[in-house]
Amino acid sequence: SLSAYAPDRWSSRITENLLIIVYPIPYYIVAFVLLMLFTYYMPIFPLVGGAKGTPSFSVAYIGSLFRHSFLPALSIIIGGTAFRFIMAKALASTEMSSDYMQYAELAALPKRRIVTSYLIRNTMLPQVTDLGLSLGLVFSGALITEVVFGYPGLGNTLYSAIISADYNLIMGITLLSIIGIATASLIVDLTYPFLDPRIRYK
36 SLSAYAPDRW SSRITENLLI IVYPIPYYIV AFVLLMLFTY YMPIFPLVGG
86 AKGTPSFSVA YIGSLFRHSF LPALSIIIGG TAFRFIMAKA LASTEMSSDY
136 MQYAELAALP KRRIVTSYLI RNTMLPQVTD LGLSLGLVFS GALITEVVFG
186 YPGLGNTLYS AIISADYNLI MGITLLSIIG IATASLIVDL TYPFLDPRIR
236 YK
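If you read the sequence shown in the working numbering, its first letter stands for residue 36, the second for the next number, and so on.
The set of hints was computed from the structure by calculation and includes no laboratory data. Every residue, glycine too, gets a C-beta built ideally from N, C-alpha and C. There could be a bad hint or two in this list.
Stated by the list, open to error - So the derived label-pair ranges between C-beta atoms look like this:
{"id": "1", "residue 1": "GLU140", "residue 2": "THR74", "range": "23 to 31 Å"}
{"id": "2", "residue 1": "TYR138", "residue 2": "ALA108", "range": "41 to 49 Å"}
{"id": "3", "residue 1": "ILE197", "residue 2": "ALA142", "range": "26 to 34 Å"}
{"id": "4", "residue 1": "TYR75", "residue 2": "THR226", "range": "37 to 45 Å"}
{"id": "5", "residue 1": "SER128", "residue 2": "VAL163", "range": "15 to 23 Å"}
{"id": "6", "residue 1": "GLN162", "residue 2": "ILE56", "range": "16 to 24 Å"}
{"id": "7", "residue 1": "ILE121", "residue 2": "LEU72", "range": "22 to 30 Å"}
{"id": "8", "residue 1": "PRO161", "residue 2": "ALA108", "range": "19 to 27 Å"}
{"id": "9", "residue 1": "LEU166", "residue 2": "TYR194", "range": "42 to 50 Å"}
{"id": "10", "residue 1": "ILE112", "residue 2": "GLY88", "range": "19 to 27 Å"}
{"id": "11", "residue 1": "VAL83", "residue 2": "ASP134", "range": "32 to 40 Å"}
{"id": "12", "residue 1": "THR116", "residue 2": "ARG156", "range": "16 to 24 Å"}
Using the sequences and the accompanying hints, generate a full structural model.
Laid out in structure tokens, this is it:
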């Protein structure tokens with residue numbers, strides 16, 4: 036939204052061009068690039084696997100959990116962020132040309148108020164809607180990403196179940212995923228009245 040409000044800023048142009056390049060890249064390609072950069076050329080993070088040690092709230096275990104899960108999570112976030120940015124800018128550009136935005140600028144309202152009270156609020160609802168619809172794609176991306184990083188998550192477990200033809204485990208994970216996605220979609224729907232007071236559920 037801010038990029039659409041100030042499209043001529045060099046930071047907006049650089050960010051937009053960078054994310055347009057990143058957006059069409061599949062999850063697994065991003066995962067391989069991060070894997071090569073941060074485990075081989077710059078060995079900051081572990082290559083594969085999950086957190087070491089017995090699960091606890093200790094600093095050592097939480098640190099290990101963070102180091103092992105950071106790159107898998109980052110590879111999913113990068114693609115999702117690129118799409119959200121492009122979508123937000125397209126929506127904001129449409130809103131910028133609307134009559135009420137022009138009236139707000141003619142009324143000499145502060146730029147901060149125009150952006151926060153009008154632009155961001157009116158572009159947020161479609162993005163929240165898309166967030167609920169894209170949860171299934173996030174899960175499929177997590178499956179591939181966890182396999183690439185060898186991370187012991189739900190996606191990697193599903194992959195192992197498919198390879199070993201463990202149909203009971205496949206059905207269990209599928210059911211759990213459906214429940215999780217449906218619950219998240221319900222939560223997204225319940226946030227609509229807070230984002231747009233005109234929406235009311237009866």
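Cross-check of the supplied hints:
| no. | hint | verdict |
| --- | --- | --- |
| 1 | GLU140 - THR74: 23 to 31 Å | violated (49 Å) |
| 2 | TYR138 - ALA108: 41 to 49 Å | holds (42 Å) |
| 3 | ILE197 - ALA142: 26 to 34 Å | violated (59 Å) |
| 4 | TYR75 - THR226: 37 to 45 Å | holds (41 Å) |
| 5 | SER128 - VAL163: 15 to 23 Å | holds (19 Å) |
| 6 | GLN162 - ILE56: 16 to 24 Å | holds (21 Å) |
| 7 | ILE121 - LEU72: 22 to 30 Å | holds (24 Å) |
| 8 | PRO161 - ALA108: 19 to 27 Å | holds (25 Å) |
| 9 | LEU166 - TYR194: 42 to 50 Å | violated (25 Å) |
| 10 | ILE112 - GLY88: 19 to 27 Å | holds (26 Å) |
| 11 | VAL83 - ASP134: 32 to 40 Å | violated (55 Å) |
| 12 | THR116 - ARG156: 16 to 24 Å | holds (21 Å) |
Checked against the numbered hints above, the structure violates hints 1, 3, 9 and 11; every other hint is satisfied.
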